[in-house]
Amino acid sequence: MLLNMILFLPLAGFLLLLFFPREQRGAIKTTALLVSLLVFVASLGLIPEVRNAPTAMSYETNVSWIDYPPIRYHVGIDGLSLWLVILSTLLTPITVLVSWNYIQKRVKEFFAFLLLLEFGMIGVFLAMDLFLFYVFFEVTLVPMYFLIGIWGHDKRIYAAVKFFLYTLAGSVLMLAAIIYLYNRGGTFDYPILLEMLRNGRLALSSTEQFWLFMAFFFAFAVKVPLFPLHTWLPDAHGEAPTAGSIILASVLLKMGTYGLVRFCLPMFPGAARDNAPWIVALAITGIIYGALVAMIQPNMKRLVAYSSVSHLGFVVLGIFSFNQLALDGAVYQMLNHGVSTGALFMLVGYLYERRHSLEIADYGGVATPAPFLSAMFMITMLASVGLPTLNNFVGEFLVLQGAAQVNFTWAVFAAVGVILSAVYMLWMYQRTFFGEVSEELRSHMHDLSPREWATIIPLVVLMIWMGTGTQTFLPVISASNERTLEQTKTNVEFQVNASPSLSSQVKELLNVR
Amino acid sequence: MHHLWLIPTIPLAGSMINLLFGRRLPKIAVSGVAIGSVLLSFLWVLNVLSGLGGLEEAHIERYFTWIQSGDFNVGFDLMVDRLTAVMLLVVTGIGLLIHIYSSGYMAHEEGFSRFFAYLNLFMFFMLILVLAANYLVLFVGWEGVGLCSYLLIGFYYLKKSAGDAGKKAFIVNRVGDFGFSLAMFLIVVTFGTLDFARVFAQAKDMPVEAGVGTLTVICLLLLLGATGKSAQVPLYVWLPDAMEGPTPVSALIHAATMVTAGVYMVARSSVLYLKAPLAMDAVAIIGLVTAVLAATIGLAQNDIKKVFAYSTVSQLGYMFLALGVGAFSAGIFHVVTHAFFKALLFLGAGSVIHALEGEQDMRLMGGLRSKIPVTFATIFCAAVAIAGVPPFSGFHSKDEILLAAHHHAPWMYWVGVVTAGMTAFYVFRAIFMTFFGSYRGHHHPHESPWVMLGPLCILALLSLGGGYIHIPHFLEPLFPLAESAHESTLVYISVAAGLAGIGLAWLMYVAQPGLPDAISRSFRGLYTLVYNKYFVDEIYDAVIVHPLRDGSRSVLWKGIDEGVIDNVVNGVGRSARNVGSVLRVMQSGYIRSYATWVVLGSVIVVAAISFLGGSR
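Sequence order for the protein chains is A and B. For the first sequence, position 59 (counting from the first letter as 1) is numbered 59 according to my numbering, and the numbering increases by one without interruption. For the second sequence, position 596 (counting from the first letter as 1) is numbered 596 according to my numbering, and the numbering increases by one without interruption.
Keep in mind the hints are simulated off the structure, nothing from the lab. Hints are not guaranteed to be accurate.
[Unchecked claim] In silico lysine to aspartate or glutamate, EDC-like type, Cα no more than 20 Å apart, as pairs:
| # | chain 1 | residue 1 | chain 2 | residue 2 |
| --- | --- | --- | --- | --- |
| 1 | A | Lys155 | B | Asp566 |
| 2 | B | Lys160 | A | Glu439 |
| 3 | B | Lys159 | A | Glu439 |
[Stated by the list, open to error] To give an idea of the chain A side of the interface with chain B (calculated C-beta under 10 Å), a few residues:
| # | residue |
| --- | --- |
| 4 | Ser205 |
| 5 | Gly270 |
| 6 | Ala294 |
| 7 | Leu382 |
[Stated by the list, open to error] Facing chain A, from chain B, some residues (calculated, C-beta under 10 Å):
| # | residue |
| --- | --- |
| 8 | Phe21 |
| 9 | Arg23 |
| 10 | Arg24 |
| 11 | Gly146 |
| 12 | Leu147 |
| 13 | Val189 |
All residues carry an ideal CB built from backbone N, CA and C; glycine is no exception.
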């Protein structure tokens with residue numbers, strides 16, 4: 001019951017907001033804040049039960065949604081999804097507060113979309129039916145498209161369409177794969193499909209495994225985004241309003257990496273292992289490439305966007321290392337990146353609200369008029385560059401350590417990214433906050449307001465907490481990852497066809513039985 | 001339990017108080033909190049050490065699990081053994097003196113509370129570093145002191161050069177940390193743990209590696225980390241620039257404590273290094289090269305802090321030489337004596353700069369002997385100590401190193417002796433340029449207040465007599481005394497080299513002041529090369545920094561990202577322009593129509609599936 005309430009409260013809030021008169025801006029914002037806060041508090045109630053049984057599905061609901069084809073409303077939560085759900089429910093009230101004054105046009109639609117987005121995000125992490133998952137995956141796309149397209153900066157339409165088409169291209173392939181699986185297995189229910197794959201009632205040929213894996217992988221890789229599918233991200237971030245950037249970086253990207261861990265690894269373990277080498281190569285390329293391109297960005301948000309490409313490379317590296325430490329690090333890093341990059345986009349947004357520019361060159365010397373804003377930015381930056389005792393260090397360390405156990409060369413190349421992260425972050429920080437401040441800039445720069453303090457403090461506390469008190473968060477992740485890795489070891493025996501030609505592979509794929 | 005955690009935590013508390021409330025507190029309260037916290041920490045160190053007695057065994061305290069994944073587990077564990085005890089006393093003792101000095105030196109500066117908050121934070125991380133019972137906690141301290149160094153170098157953040165120097169220090173250290181991290185990964189792969197006790201227990205039973213084995217690779221990677229933090233070739237370039245920070249910072253962080261962290265870490269890992277002779281040779285050679293290179297640059301600098309900075313680099317090279325030839329305890333001995341006399345040199349220089357209202361160019365000094373006599377007397381004590389004049393502190397530790405080096409390879413001894421001569425020369429050159437002759441500047445020099453002179457006097461006593469604290473003997477349970485040559489001739493030669501350096505400096509800067517110009521004219525090329533620090537910074541810029549930056553911009557960003565990938569994507573987009581016009585229709589601005597589209601889309605998909613499912 002609790003879980004369903006958490007999932008549907010945002011939707012109820014969305015519908016409720018639609019009935020508000022559009023002039024009542026204060027009431028709209030307050031309602032959005034209260035609903036999202038309620039959802040957050042309720043989501044904390046999930047923790048004890050998941051802690052008790054992190055590998056099982058807690059709060060499971062499994063009822064029929066559409067009779068034929070049999071699509072089920074099947075939701076549940078386990079150690080893998082627990083903190084991602086809480087990250088989503090925490091960030092939504094924070095983004096409501098962040099947007100409090102920033103959003104001036106179409107206030108009602110904006111906050112309604114935020115709640116709809118929350119509904120989609122939570123649903124993605126809870127869905128245990130493949131079709132339901134697909135629906136939630138798409139539900140997030142629509143509000144984000146409009147957040148960028150309506151409340152974004154100058155090139156917003158281009159960015160929104162690019163974002164939409166890129167991710168749609170990926171998810172259409174995934175939909176095809178889901179339908180194919182349904183046709184082979186007769187169900188969309190994920191646990192049942194997994195069980196059938198495990199006990200051999202649903203036996204996929206290696207060709208089938210490969211293509212299905214690729215379809216899912218492509219959808220998630222676009223979302224992550226994995227190099228070279230990343231070019232939508234700088235545009236989307238560069239043009240999105242602050243709240244959109246925060247949600248996009250903190251949660252929406254994680255839907256890709258979550259999907260890899262939740263679906264790609266357990267369902268197609270053979271294909272996942274076989275293709276790991278080139279995926280890891282792309283991940284490491286992304287780590288270094290993203291960092292190098294971030295280094296020379298003149299625009300702050302684009303800089304942080306490229307840094308995300310670099311950071312998410314660590315996550316993908318961790319996932320495809322097939323190692324407990326690396327996978328623990330990868331999932332932990334999803335949360336870490338959510339907290340610290342969310343905070344970075346928030347603070348960049350606060351700079352933008354004051355100076356109305358995202359160009360680094362328009363700043364300089366901000367530390368003098370706004371010392372506390374600078375201090376918060378400094379802590380966030382240090383978290384982002386992986387300073388020990390702050391959150392990102394733990395994730396990066398585990399990923400690299402795990403990767404080193406599998407292949408030391410991977411760790412050597414990936415660790416270069418850690419050097420480079422200091423380069424681009426410190427350089428941006430210096431140009432923005434140090435030096436003499438111009439009179440014009442000084443007149444714009446006031447320090448953090450109480451509302452802004454309320455948004456940044458929870459994230460800074462989390463950075464320190466997740467960096468030192470990892471035992472609060474890591475054990476449930478670790479337990480569910482152990483299960484996932486166990487799943488990738490079973491079901492690796494399947495018949496290898498005698499080198500089918502590409503055309504026959506395609507034919508087999510298109511052959512609807 | 002002896003509550004070791006209190007040692008670092010008290011300064012942390014001081015730092016937090018000053019960070020949060022310092023702007024509203026009067027200066028006396030700010031410095032009171034800062035000095036008081038370090039004093040308490042120092043007293044707690046004394047309490048712990050007296051409680052632990054002889055420390056024949058390491059005392060370990062385990063607090064809580066930090067990271068746990070699979071079989072891998074690392075905790076927040078602290079420990080004290082004799083090596084840590086020495087470092088604790090140096091860090092808190094010298095730290096206390098420098099905090100007291102700073103309350104006078106910084107009295108008229110902006111950001112008084114910020115300065116002390118950072119300085120206390122540094123104490124926290126440095127104490128974590130020396131108390132750590134495993135590599136990962138050591139790394140916490142390691143990165144933390146790097147952060148504080150960054151913050152304090154960039155303390156005068158309005159100056160671009162200060163921001164640049166801080167950033168450079170952080171990034172160059174990151175290159176070293178890259179090596180340190182990889183070493184840790186390899187240690188876990190090899191030993192399954194990062195815990196000192198367990199790693200070293202296993203390593204003790206391993207054979208000495210003849211070629212390049214795992215232990216050698218680990219040690220070389222750790223060495224890369226150490227060259228960053230302890231400013232050795234090829235990563236020494238950040239330390240001279242670090243002099244942009246306030247002078248007490250140069251004394252505490254960039255001379256006495258943080259930069260010796262690399263020496264400490266290698267000594268801590270001595271069990272590993274003793275199994276990897278090739279890595280030991282690498283340590284010795286890097287130390288020796290650094291010692292000579294930095295000493296030659298020090299000969300020609302005119303900024304008083306730059307002279308002492310290159311001197312620090314050079315002396316750290318000496319310490320690495322000691323480690324590399326197996327004389328670990330001599331290396332730590334030199335860490336201690338160097339902390340005394342180099343902290344004193346910097347604080348003395350700070351007193352001079354304070355007297356001259358910020359002037360650092362020695363060509364605009366001179367004749368200060370009579371104007372600031374206490375400063376002169378104390379800094380002179382440091383100078384004779386670093387020059388290796390017996391029986392003062394530097395003589396004892398340097399001698400241990402040189403004799404051990406002679407036993408290892410006589411040529412190393414001879415290079416060390418030449419460096420000792422250069423050291424004596426450039427230090428006394430600085431003394432003579434600053435305090436002798438007649439005053440060449442335009443300020444009105446005034447002696448510093450006693451809150452600054454007090455610490456100078458205590459450090460002067462330590463510089464003179466510190467050599468009789470026989471550290472190597474105290475460390476014997478950890479490091480077997482290295483075999484070393486016991487020929488008094490060798491001692492006489494090194495002392496003579498030091499005295500010759502002093503004499504030459506006297507000749508050139510007091511007796512015959514025209515001589516330096518004449519020499520620099522006749523060796524124009526060589527002088528230019530040395531004066532410009534062998535153009536190492538320029539070479540790094542041209543070979544690494546510029547290609548990386550320009551390549552990233554033109555090849556990666558404009559080339560691959562926008563040129564290749566986006567062109568493909570936009571090409572696809574153009575051919576699907578119709579889709580775009582559909583989207584424009586959809587974006588009609590009314591939420592009801594959006595909702596319609598969402599519902600419509602879902603219906604189409606469900607219908608499609610029903611159709612497909614029906615055909616089954």
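Here is what the structure says about each hint:
With a C-alpha separation of about 15 Å, the suggested pair A:Lys155 and B:Asp566 falls inside the 20 Å cut-off, and the hint holds. Only pairs whose Cα atoms come within 20 Å are accepted, and B:Lys160 paired with A:Glu439 is accepted, the gap being roughly 18 Å. Between the alpha carbons of B:Lys159 and A:Glu439 the distance comes to roughly 17 Å, so the proposed pair stays at or under 20 Å and holds. With its C-beta approaching chain B no nearer than about 19 Å, A:Ser205 sits outside the 10 Å limit, and its interface hint is violated.
The restraint placing A:Gly270 at the interface with chain B is violated, with a minimum CB-CB distance near 23 Å, outside the 10 Å limit. Because the beta carbon of A:Ala294 sits about 9 Å from the nearest beta carbon in chain B, less than 10 Å, this interface hint is met. Interface restraint check for A:Leu382: the shortest CB-CB distance to chain B comes to about 7 Å, inside 10 Å, so the restraint holds. The beta carbon of B:Phe21 comes no nearer than 13 Å to any beta carbon in chain A, farther than 10 Å, and the hint placing it at the interface is violated.
About 8 Å separates the beta-carbon of B:Arg23 from the nearest beta-carbon of chain A, less than 10 Å, and the hint is met. Hint status for B:Arg24: violated, given a least beta-carbon distance of 13 Å to chain A, over 10 Å. The closest approach between the C-beta of B:Gly146 and any C-beta of chain A is roughly 9 Å, which is under the 10 Å cut-off, so the hint is satisfied. Hint status for B:Leu147: holds, given a least beta-carbon distance of 6 Å to chain A, under 10 Å.
Checking B:Val189 against chain A: minimum C-beta separation of about 6 Å stays under 10 Å; hint holds.
Hints 4, 5, 8, 10, counting from the list given before, are not met by this structure.
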